[in-house]
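There are 2 protein chains.
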Amino acid sequence: MNMKISRHCTARQGKLTPSNLKSVAFTDGFWASRIEANRRVTLPFEYRLCKQTGRIDAWKLDWKTGQPNPPHIFWDSDVAKWIEAAAYSLTTHPDRQVESLVDSVVDWMAKAQANDGYLNTHYLAVEPGKRWTNLRDCHELYCAGHLMEAAVAYYEATGKRKMLAILCRYADHIDSVFGCEKGKRRGYCGHPEIELALVKLYRVTGEKRYLKLAQYFVNERGRRPHYYDLETRARGNDPLINYDQYQAQRPVRELVKLDGHAVRALYFCSGVADVAAETGDRTLLAACKRLWRNVIERRMYITGGVGSAHAGERFTFDYDLPNASAYAETCANIALVFFAHRMLQIEADAQYADVMERALYNGVLSGVSLDGKRFFYVNPLAQHPESSRYNRWVTERQKWFGCACCPPNIARLLAGFGQYVYSQGPDEIAVHIYAQSTVRFEVGGRTVQLEQRTEYPWKETVQIKMNLHAPAEFVLALRMPGWCRNPQVKINGKSAHLQAVTRKGYARIRRNWKTGDLVELTLPMPVERVEAHPAARMNCGQVALQRGPLVYCLEEIDNDAHLNDIRLPRNSQLTASHEPRLLGGAVVITGQAFRRNPAGWNNRLYRADQSKTKSVTIKAIPYFLWNNRKPGEMRVWIRE
Amino acid sequence: MNMKISRHCTARQGKLTPSNLKSVAFTDGFWASRIEANRRVTLPFEYRLCKQTGRIDAWKLDWKTGQPNPPHIFWDSDVAKWIEAAAYSLTTHPDRQVESLVDSVVDWMAKAQANDGYLNTHYLAVEPGKRWTNLRDCHELYCAGHLMEAAVAYYEATGKRKMLAILCRYADHIDSVFGCEKGKRRGYCGHPEIELALVKLYRVTGEKRYLKLAQYFVNERGRRPHYYDLETRARGNDPLINYDQYQAQRPVRELVKLDGHAVRALYFCSGVADVAAETGDRTLLAACKRLWRNVIERRMYITGGVGSAHAGERFTFDYDLPNASAYAETCANIALVFFAHRMLQIEADAQYADVMERALYNGVLSGVSLDGKRFFYVNPLAQHPESSRYNRWVTERQKWFGCACCPPNIARLLAGFGQYVYSQGPDEIAVHIYAQSTVRFEVGGRTVQLEQRTEYPWKETVQIKMNLHAPAEFVLALRMPGWCRNPQVKINGKSAHLQAVTRKGYARIRRNWKTGDLVELTLPMPVERVEAHPAARMNCGQVALQRGPLVYCLEEIDNDAHLNDIRLPRNSQLTASHEPRLLGGAVVITGQAFRRNPAGWNNRLYRADQSKTKSVTIKAIPYFLWNNRKPGEMRVWIRE
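Chains V and W, in that order, give the protein sequences. Position 450 of the first sequence, counting from 1, maps to 449 under numbering that gives the first Met the number 0, and the rest follow consecutively. Position 273 of the second sequence, counting from 1, maps to 272 under numbering that gives the first Met the number 0, and the rest follow consecutively.
The set of hints was computed from the structure by calculation and includes no laboratory data. It is possible that part of the hints are untrue.
It does not matter which identical chain is used: a pair holds within one copy or between any two.
[Unchecked claim] Computed list of lysine-lysine pairs in DSBU-like fashion (alpha-carbon distance at most 35 angstroms, straight line):
| no. | residue 1 | residue 2 |
| --- | --- | --- |
| 1 | K14 | K503 |
| 2 | K256 | K613 |
| 3 | K288 | K110 |
| 4 | K288 | K613 |
| 5 | K618 | K256 |
| 6 | K629 | K159 |
| 7 | K464 | K161 |
| 8 | K611 | K288 |
| 9 | K611 | K256 |
| 10 | K613 | K503 |
| 11 | K14 | K110 |
| 12 | K629 | K256 |
| 13 | K458 | K611 |
| 14 | K59 | K618 |
| 15 | K288 | K63 |
| 16 | K129 | K159 |
| 17 | K211 | K372 |
| 18 | K110 | K181 |
| 19 | K611 | K503 |
Work the whole structure out from these sequences, hints included.
This is the structure we're talking about:
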């Protein structure tokens, strides 16, 4: 096999490249502890569950008709995401045992792969002969995409080429089946994912066919005659009409709103952004920006959660952001990070990093318990524990799900967290996320090491120290967070004039940097009361408390039941204080509020007399930490 | 056939008896126009739909396997409710054409009835041999009950005995199949209804077996071993565990909360109250009161709507009263009227009449359009029109439903409205509902005619004039509405001292009444801001506007979009004024409120700056009139 493997970087790519995972280290601090819990607890825990539920052994293809537990259509993706997470972890923490677990799965994969390169446990074992007959519903290309992502990550972590070769063969097979050329199927997956995966495969192999295939999948989606009509009729069924669930109501360049299943929508946008970055296609980039704006200006929870409806796990309509019934699937919130991160590499605009940070610290981190063993599939912004009995809404994090997309997704996000913090351009280093860490870059052939010291997001100061063998001129682009009204930067003790150098939310400090240079940021973090747009009807008359990047919530355990009845006057002083023993140490917000007295109603449900209120002290904790103590009411938006 | 038919009244019955339909006339005014629209438009309209959809012709039993549109398990009940409505209408408005429509169905019924008395179009035509095999789900006894109610009503309206005789035969058959005796099935219907119907049949025929059978159904429900387990296993299936959906989690005397499907729950309570009234069983009456309190103190919308969850059409948990996703099925709200009305006859306590009035004027009347041709199945207290696309929530009234229980239910309620206004005790006449009307009673062998003149609920005065051939001493019991803080009564121009004579919300005026005596009530109707209990979390910080018995709402057509953003300060003056051209003439409420400016947000979805507000005039219309102009937002609870 003649497989060219190289880190491929063309001029058409975005301005920035994410830092290489190998070069980033989280020593201690906020993220280090989450990444550590992910590595020590979540990864082995999830492997065990993949094993117990049959997902690992499915690769042996020994399931026989009539046996219980047939390999499900999306099982391959669960294992793939676990391998990807393991690979990221191996990058910084080599572990022979983990590596041998992956290798044995890869060995089964090699044996499972059909002669023509096809690879899918469900269709090979359960429905042979049915492959590619239901692209809309059956996740084949989606699973292929996740396997490709895993293969790239595992190759980059270990240098081992076996899995990558398997997936290149599979990609070649897919390329032979799908496309505009005569004799090929003009299909595309109901669940986007393969688009972004093929670009990853292209980047690591340099094989342009993979980029072209990604481009085909992006362009073909939503064209007429509609492929989903054709394949549905071919199966003898009536076509459905809700193409928008699959982002296939029309071609991407004609979409003005991001509709349908939120994970699909944002995986698709991520793939579109990748293709736009690689091809320089301005019409695609314009489509990305249009859809981006629609999401962040009208369809995103304050937690960075997306997709408000349980039915269809989907986006609904502009400003429709119900709190208790919020879906905001962990995978969708992660997918928003993916999309934001890709847009940020194309254009160093802090609006992308702001959203990425918002999602990471709130709607993504809420997806996993502090101990790393329990997961939210759905991330509501309000909860009454009794509601779940009747509405099947979330009450507590679960250890696993029949459709187990979220747990390994958060595992790969955390294991690969180093990608999101820094980027590099031709002569610039950008810091997107403030987090205690070190990073190495090559700038003009020289190694630059940055050391970031901070207790962010709890504290407002960040120190960045330069380590260089010799002085080097480059731009240090520091993100000035959108939530921060008055950021300050000192360089070697001297205040910098930020206004002059800030472009699109990044303070771009060009200097001939020397070792020992110290950049000190102060990002004042007063407690802010945030309002939502008047059209976001569920939040009218309410405020969310935010401090720095963290959105806060009230929990019953700190504030008693009937949280909705709490009223926080605009002039009430809010105090942030660090509680070292609370939930591993956290800054909480306290203040005086009012609530009515539930006594004295004499069993009346309604009355025309105005109720008296009493003063109470409220205590809010960061949203991502909710449901780590005991079940109960929770609420982000507080009445004013 | 030796069938004794008599109006049966024992000492054990409740204190009061509803006025006979024949003796009540609505001349003009609020209810006369609704009853007229019901008679002229709704009744023929619904017959046509029953005919078009196959419900009428199903009685011919000529459906054959393989044909489309087999008679559905609940079709019999739709036709039965239409016959009952037609019968009530015939009571006051004889109409040969309508009578012949009913007679022809009754003729088919007679032919359809099996030799043993069994009668159900679905099981006779579609599933012969399967009768009584799935009491929980298949509505057989429910349909039987509705047919009995129709038969009683049609007999009372026309004196014709044919349908009554058919249903007595069916009741006799049911009595031979069900009961505690050896060889009988110890079952009961998944959808209560037959209990109250059997009591009606007992009252009109005097046949005690029917009362005993009703008593059996009431007592057997929820006993162990659980009949639904036994019959489910007999069908080869696994038993379910949500007995509470069917009010069968335990016997009625042990129930402390009213759970499950709201219509079933309240039909059941109505039947239990009937059995309690007829038997004098205090433990049953105590159960009724316990369940009554649970509903009205914790589970009833301010509109008198009940059953908050779409899933299961059911009650959920105490104080769980979501507004936009409210189910509050028209049938459930009607069923609450049935239950309240029965409790009111047992005990002349205005709490029952207050709830009956609340439901009638709000959550029941909202179920039908002003023109009588469109129906709500579901009666939410807030609506955003785009929500319905994603949540399958209500947007507009429909002309019919696959499960068409609500349209004929509201038709029979309106046609039989005369039952709810007055009652009679041994030497008292009670007025529960103020409505322009006349009524005749026999008191001590003498005919008393009351003439009620009022523009209630729009205006606050009610005049009651006595017409008697000779003076008669009796108590005139006038309901002092719970919503009214300062009712006044004058008798022949002289103020009565209400406190001395008011008992349980009824001013009991004992006099030797003479013809021409005039009682004048004044029920001051200021606009009230009503609060909900602090545990009713969806309504915290909000008020509902109420004037007299009417609950008000804001509609988009009067107030522009984004209704949630409207804030009505406590000190804002609210003015009630009559608009003769609005929706057939209605009192509207106007006042000054505030809302934020949706402009100036610069495409931001969230921001930490406090928004400025602007003053706006709001206009609220009675809730029952909403959605009679054009679709749009609606909202009962308004932020304060």
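We went through each hint and held it up to the structure:
1. Taking the shortest Cα distances, K14 and K503 sit within 35 angstroms of each other inside one copy (14 angstroms), while across copies they are farther apart (80 angstroms).
2. Only between protomers do K256 and K613 lie at most 35 angstroms apart by alpha-carbon distance; the minimum there is 30 angstroms, versus 45 angstroms within a single protomer.
3. Taking CA atoms no more than 35 angstroms apart as the test, K288 paired with K110 passes in neither setting, with 43 angstroms inside one copy and 71 angstroms between copies.
4. Taking identical chains as interchangeable, the C-alpha atoms of K288 and K613 lie at most 35 angstroms apart only when they sit on different chains, with a minimum of 33 angstroms there against 48 angstroms within one chain.
5. Proximity of K618 to K256 under the C-alpha cut-off of 35 angstroms is restricted to the inter-copy arrangement: shortest distance 34 angstroms between copies versus 38 angstroms within a copy.
6. Within a single copy, K629 and K159 get their C-alpha atoms no closer than 44 angstroms, and across copies no closer than 66 angstroms, so neither meets the 35 angstroms cut-off.
7. In the homo-oligomer, the alpha carbons of K464 and K161 never lie at most 35 angstroms apart, since the shortest distance is 40 angstroms inside one protomer and 99 angstroms across protomers.
8. With identical chains, the CA atoms of K611 and K288 are at most 35 angstroms apart between copies only, with a shortest distance of 30 angstroms across copies and 50 angstroms within one.
9. For the identical chains of this complex, K611 and K256 are inter-copy neighbours only, at 29 angstroms across copies versus 46 angstroms inside a copy, given an alpha-carbon limit of 35 angstroms.
10. For the homomeric pair K613 and K503, the shortest alpha-carbon distance between copies (33 angstroms) is at most 35 angstroms, but the shortest distance inside one copy (46 angstroms) is not.
11. In the homo-oligomer, the alpha carbons of K14 and K110 never lie at most 35 angstroms apart, since the shortest distance is 41 angstroms inside one protomer and 84 angstroms across protomers.
12. In this assembly of identical chains, the alpha carbons of K629 and K256 lie at most 35 angstroms apart only when taken from different copies (26 angstroms versus 39 angstroms within one copy).
13. Taking identical chains as interchangeable, the C-alpha atoms of K458 and K611 lie at most 35 angstroms apart only when they sit on different chains, with a minimum of 32 angstroms there against 39 angstroms within one chain.
14. For a Cα distance limit of 35 angstroms, the shortest separation of K59 from K618 qualifies neither inside one copy, at 53 angstroms, nor across copies, at 69 angstroms.
15. In this assembly of identical chains, K288 and K63 lie within 35 angstroms of each other by CA distance neither inside one copy nor across copies; the values are 48 angstroms within and 60 angstroms between.
16. Taking the shortest Cα distances, K129 and K159 sit within 35 angstroms of each other inside one copy (32 angstroms), while across copies they are farther apart (66 angstroms).
17. In the homo-oligomer, the alpha carbons of K211 and K372 never lie at most 35 angstroms apart, since the shortest distance is 40 angstroms inside one protomer and 58 angstroms across protomers.
18. In the homo-oligomer, the alpha carbons of K110 and K181 lie at most 35 angstroms apart inside one protomer (31 angstroms), although the nearest pairing across protomers, at 67 angstroms, exceeds that limit.
19. Only between protomers do K611 and K503 lie at most 35 angstroms apart by alpha-carbon distance; the minimum there is 28 angstroms, versus 49 angstroms within a single protomer.
Comparing the model with each earlier hint shows violations of hints 3, 6, 7, 11, 14, 15 and 17; every other hint is respected.
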